[in-house]
Amino acid sequence: MDRIPFGIRQLDTIIDGGAPPGNVVLLSGEAGAGSREFMYTSAIINGLANTDRELHDLYYGDVAAGASVTDEIHYVSFTADSDQLYREMDRTMDTEIVESGFDAVEFIDMAESYFHTSSVPRDWYAEETGHIRDMAGRHDREDLFAALGHYLNEHAPGNLIVLDSLSDLISAIGDDRDWSDIVYLVKGLQKAAHSWNGLILVHVNHETVTPEQHGQLVDAANGTMTFEWEQGGSERARTLVFKKFRGVLSRIEDENIIRFETEIGDAGFDISDVRKIR
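Mapping of the sequence shown onto this note's numbering: residues 1142 to 1419, in sequence order.
Among the clues, some could well be false.
Capping the alpha-carbon separation at 30 angstroms, the derived lysine-lysine pairs in DSBU-like fashion look like this [stated by the list, open to error]:
no.	residue 1	residue 2
1	K1328	K1385
2	K1385	K1417
3	K1384	K1417
4	K1328	K1384
5	K1385	K1332
6	K1417	K1332
Since the hints were made in silico from the structure, they are not lab data. Since the model is a prediction, treat every value here as computed from it, not as a measurement.
Input sequences plus hints: build the corresponding full structure.
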């Protein structure tokens, strides 16, 4: 397996089929600029390849020579359950794609580990309402970082992993965690991903971090894709730029591409146009 498809047809075609295995890719975007839709599309279209090849061929086409869809797709969310994600994906993509592709995606809801030290009422994020006597044992529950590590150790090797979202972890930094833990997490993922030989997509809203912090995240990941709004006259356009990515950026540079214009259609996130150096 030389490449793992992102699941974005136009993009995968340009970059020889997808991303090289063993990489952590930071999806860094402004709110609404397409980074979240990229995550949804990547998970669902790759899932579709494992559930309905005919539908996958219709909306995506043939996987490039040397590229291969992973056997498993795992979508890790810190704040949303699978029902919430299904509704969001259904708003983004055609229903028949979501219905079929969703079945092939393993969703892990880490909300209980995420919220348990907060003041959020337990029945907002857990199926069963806790009793007062349960509250004393909250500090004994598994740490969120440890829970994430255990899950990835078991499921990340050879597979596509989507982490939604680093911004949630950043907002939860408290007395027992600081910014360096976030950077260490991404660097640790990069080191582990090399041996896991799969593909890890990590989302962050870069409006939630300082420029210096964003630079540290970019440095910690193998590749970074930035999703931004661009103003042109009275209209706004979604754009995508590869900030860094060894083995992928060189291909884009060979094509003299400086920026992708993107859109959200029936098949989710897609490339509408490319801007080249003239």
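Checked hints:
no. : hint            : verdict
1   : K1328 <-> K1385 : holds (15 angstroms)
2   : K1385 <-> K1417 : holds (17 angstroms)
3   : K1384 <-> K1417 : holds (16 angstroms)
4   : K1328 <-> K1384 : holds (17 angstroms)
5   : K1385 <-> K1332 : holds (17 angstroms)
6   : K1417 <-> K1332 : violated (34 angstroms)
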